[in-house]
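There are 2 protein chains.
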Amino acid sequence: MLVLASGSEIRAEMLRKAGVAFAVDPAQVDERPIFKTMQADGLPAHVIADALAEAKAQQVANRRPGDLVIGADQVLVCEGRLFEKPGSLTEAAEQLRFLRGKPHELLSAVVIFEGASPVWRTIGRVRMEMRAFSDAFLDEYVARQGDDLLTTVGAYKLETAGAQLFTRVEGDYFSVLGLPLLEVLDFLRSRNIGLT
Amino acid sequence: MLVLASGSEIRAEMLRKAGVAFAVDPAQVDERPIFKTMQADGLPAHVIADALAEAKAQQVANRRPGDLVIGADQVLVCEGRLFEKPGSLTEAAEQLRFLRGKPHELLSAVVIFEGASPVWRTIGRVRMEMRAFSDAFLDEYVARQGDDLLTTVGAYKLETAGAQLFTRVEGDYFSVLGLPLLEVLDFLRSRNIGLT
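These protein sequence lines map, in sequence, to chains A and B.
Each residue of the first sequence is one higher than the one before, counting from 1 in this note's numbering.
Each residue of the second sequence is one higher than the one before, counting from 197 in this note's numbering.
Since the hints were made in silico from the structure, they are not lab data.
A few of these clues could be false.
For lysine to any residue, the following SDA-like pairs were computed, each having C-alpha atoms within a straight-line distance of at most 20 angstroms [as the list claims (entries may be wrong)]: (1) Lys213/B <-> Ala143/A; (2) Lys36/A <-> Glu79/A; (3) Lys213/B <-> Thr151/A; (4) Lys213/B <-> Met197/B; (5) Lys298/B <-> Thr196/A; (6) Lys17/A <-> Glu209/B; (7) Lys157/A <-> Arg385/B; (8) Lys213/B <-> Ile10/A; (9) Lys213/B <-> Leu138/A; (10) Lys17/A <-> Gly7/A; (11) Lys298/B <-> Ala332/B.
Far from chain B by the CB rule (all over 12 angstroms, computed), these chain A residues [said to hold, decoys possible]: (12) Gln28; (13) Gln39; (14) Ala40; (15) Thr151.
The structure presented is a predicted model; accordingly, all values stated were derived computationally and were not measured.
The beta-carbon is built from N, C-alpha and C at its ideal position, and this holds for glycine as well.
With the rest of the complex left out, here is chain A (with noise of 0.2 angstroms):
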């Protein structure tokens, strides 16, 4: 059985929509330690979205050894910079204006595992560009979306308000939503999961 090792609805969505039959069963995986550790050693930000989503596939894998695992993490980079999600609206806050006026990158990791083995592994790159909103806009935006942007990197959301935010999106929708849908479709094909 297909099993999708995350709690995002968003992820789960697209796969819903694209025909696809699965589980969800999310990895309990800390995330910030991880991310910091590795970012404090200096790692590239790929290397670090791959380790983390191979983490959570493996996670998920371990106690479900017949199982194809889905796990997927996004990191963000902007000039040098590195982001994962925002742990409080402040820092939200501080990330978005942090961005404001500058392109920057999104990374979508993707690692699929077969009971202890990862089989596949891709990684999708959107280039971003966030316009230079006013203060005021960002204030409204932050208190309008509230905890809703804590569940993203960069503290946006791409399919609904976040578009006020952005004048360019270069590259796959589906990785700025956290999953590189058309590769992942084509691995499960490979698979005999739909139709080819």
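We have chain A; now place chain B onto it with these hints.
Quick look at chain B alone, frame taken from chain A:
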């Protein structure tokens, strides 16, 4: 007031999710004869998409002189052949068989009227590549999606099962859905619709 001169549910959803307030008042333009005539005249796809978007905005603007009216249209180009919405499931299946295994370009035009005049226009261009799916996949896809396929250029909905058709999407996802949203929002902010 802002008016969307399109009956497309997904266009309305994009604007609504981005926090824009507007009314829906679909144009009653018979697109096919305009499309066929311009195509017979050898006009390029972007000129046709723009003219159709303009015709829709203009018709609704004529009866709403005080409003800002958004018209939109999409045209698909593959190997020099132009496609509009399919007229039947047979035509949808023929389109998909033609597009299969090939790259194509999807053009998404928007024209905004204020009173009797166009005040803004844009065209989003997305390069997409369909995978070489099997006949069995195609038959099952067309049967399952049914008349839903007739509402979209290219007979696919990337936001749902259409994701299974593609190996690559290069460009703005919102344009694929039928509205270059970030550009439209930028214009609307310049008209004080939405906080800057």
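- Query: Which numbered hints does this structure break?
  - Reply: Of the numbered hints given earlier, the structure breaks none, since each of them holds.
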